[in-house]
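A.B. asks: Taken in sequence, the protein lines are chains R and V. Quick note on numbering: UniProt numbering labels position 123 of the first sequence as 123, and the sequence is numbered without any gaps. Quick note on numbering: UniProt numbering labels position 66 of the second sequence as 66, and the sequence is numbered without any gaps.
Read the hints as simulated data drawn from the structure, not as lab findings. Backbone N, C-alpha and C define an ideal beta-carbon position, used for all residues, glycine too. Be a bit skeptical, because a hint or two may be false.
Chain R is faced by these chain V residues, among others (derived, beta-carbon under 8 angstroms) [said to hold, decoys possible]: (1) Cys19; (2) Gly22; (3) Ala24; (4) Leu26; (5) Glu104; (6) Arg106; (7) Phe155; (8) Thr165; (9) Ser170; (10) Arg178; (11) Arg179; (12) Met180; (13) His188; (14) Asp192.
2 protein chains.
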Amino acid sequence: MSDGDTGEEIMAATYRALCANGYADLTMQDIADESGKSKAALHYHYDSKHDLLCAFLEYLYDGFVERTSGVAGENAYERLVAFVDAVLDRPDDDSEQFGTAILEIRAQAPYEPGFRERLTEFDEYLAGELEAILEAGVEDGTFDPEMDAEDTARFLVTVLTGAATERVTSGRSVECTRRMLTEYVETHLLTDRTREVET
Amino acid sequence: MSDGDTGEEIMAATYRALCANGYADLTMQDIADESGKSKAALHYHYDSKHDLLCAFLEYLYDGFVERTSGVAGENAYERLVAFVDAVLDRPDDDSEQFGTAILEIRAQAPYEPGFRERLTEFDEYLAGELEAILEAGVEDGTFDPEMDAEDTARFLVTVLTGAATERVTSGRSVECTRRMLTEYVETHLLTDRTREVET
Chain R
1 MSDGDTGEEI
11 MAATYRALCA
21 NGYADLTMQD
31 IADESGKSKA
41 ALHYHYDSKH
51 DLLCAFLEYL
61 YDGFVERTSG
71 VAGENAYERL
81 VAFVDAVLDR
91 PDDDSEQFGT
101 AILEIRAQAP
111 YEPGFRERLT
121 EFDEYLAGEL
131 EAILEAGVED
141 GTFDPEMDAE
151 DTARFLVTVL
161 TGAATERVTS
171 GRSVECTRRM
181 LTEYVETHLL
191 TDRTREVET
Chain V
1 MSDGDTGEEI
11 MAATYRALCA
21 NGYADLTMQD
31 IADESGKSKA
41 ALHYHYDSKH
51 DLLCAFLEYL
61 YDGFVERTSG
71 VAGENAYERL
81 VAFVDAVLDR
91 PDDDSEQFGT
101 AILEIRAQAP
111 YEPGFRERLT
121 EFDEYLAGEL
131 EAILEAGVED
141 GTFDPEMDAE
151 DTARFLVTVL
161 TGAATERVTS
171 GRSVECTRRM
181 LTEYVETHLL
191 TDRTREVET
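Just need the whole structure built from these sequences, with the hints factored in.
C.D. replies: Next up, the structure:
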């Protein structure tokens, strides 16, 4: 078995262990149990739980980029809606437990610079992708050229972060957020010409 | 000393202990140390750390309502901006540590129904106040009557929640959110007539 396969197996086991135990109570033993490996084998690859979780955040980041980059659409408007949907819709059945574990990890960012660095990478990727779609839309006449693409992208990231937090805290579905975001894009970002065609 | 004073002292000590230790590592002993009371004295008032923290969330809720309800303004637009400012601007010096502790507690909501119940109360209060301001603004001609006040209020709560989460995760300031929210209100919610006068 190559190191790549072992790494992939440990990451998948970490995912399952986080869904089952949450972050606060997670131990290397929990991950070892899920992976069918010994704790010593895990420590051979990762010095500490902190190191393993940093690697896990990078693994999540890679998967997230793969899932969301290059979303399809006839124009920038459709790509923006598809991108927002890809972020709001989690691909797995354990999304509630996993979203909770991720919020627990987010709350540790001020104590764990390694977590903060990797979580910030997520937000930067999101903001960068959204900004690129918005700028392409200004370029091709889909979006209002008066818009500040950078600030607007940041605002959209804040909304997506808020929706993820609320899902954990109160169990609220993201449907109201999706509806309001779509309306925001349609009435706020589209040019009049595009609005007539698209909505 | 009345029970009211003791309760108030324990709540203030819990605040300081959360700022100093975060939620995950918080013990009854930490709170006792901050309050100058014995652990036994705390247990006389609260059966468990969970009970004490539920009481603490209620105490925070009362303070939050007191600080944000009845914000002043000439019209609904000014009241909306003042309300958003009151939520974004925390009144204390320990706001970073405290914001972190609150996010840790938010992430425990799925495991602790007592936390979820009280945190949902916060969100319901926020949504209710915002909806009332929006409806008053439609009534007095400040806001666009086409707006769905309930959905818009929920959307604003999501944005405020996202800003609080980002502040913890990446240490980002809330200024971009404040700017974009103000712009959203001005270009999205105001009637044309009000926009000319106010902006």
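A.B. asks: Confirm or reject each hint.
C.D. replies: Going down the list of hints, with the structure as the test:
Interface restraint check for Cys19 of chain V: the shortest CB-CB distance to chain R comes to about 12 angstroms, outside 8 angstroms, so the restraint is violated. Interface hint status for Gly22 of chain V: upheld, as the beta-carbon distance to the closest one in chain R is roughly 7 angstroms, under 8 angstroms. Because the smallest distance between the Cβ of Ala24 of chain V and any Cβ of chain R comes to about 6 angstroms, under 8 angstroms, the interface hint for this residue holds. Interface hint status for Leu26 of chain V: violated, as the beta-carbon distance to the closest one in chain R is roughly 12 angstroms, over 8 angstroms.
Among the interface hints, the one on Glu104 of chain V holds; its C-beta lies about 4 angstroms from the nearest C-beta in chain R, closer than the 8 angstroms criterion. Using the Cβ-Cβ criterion of 8 angstroms, the hint placing Arg106 of chain V at the interface with chain R is satisfied: the shortest such distance is roughly 5 angstroms. Residue-level restraint check for Phe155 of chain V holds (minimum Cβ-Cβ distance to chain R is 4 angstroms; threshold 8 angstroms). Evaluation of the Thr165 of chain V hint against chain R yields a held restraint, the C-beta minimum of about 5 angstroms falling below 8 angstroms.
Of the supplied interface hints, the one on Ser170 of chain V holds, with its beta-carbon coming within about 5 angstroms of a beta-carbon of chain R, less than 8 angstroms. The restraint placing Arg178 of chain V at the interface with chain R is violated, with a minimum CB-CB distance near 11 angstroms, outside the 8 angstroms limit. Satisfaction of the interface hint for Arg179 of chain V is found here, the shortest Cβ-Cβ separation to chain R being roughly 7 angstroms, below the 8 angstroms cut-off. Restraint check, Met180 of chain V versus chain R: the minimum CB separation of about 4 angstroms is within 8 angstroms; hint holds.
A hinted interface residue such as His188 of chain V counts as satisfied when its beta carbon comes closer than 8 angstroms to some beta carbon of chain R; here the least separation is about 6 angstroms, so the hint holds. For Asp192 of chain V, the suggested interface contact is broken, since its CB lies about 14 angstroms from the closest CB of chain R, more than 8 angstroms.
Comparing the model with each numbered hint stated earlier shows that hints 1, 4, 10, 14 do not hold.
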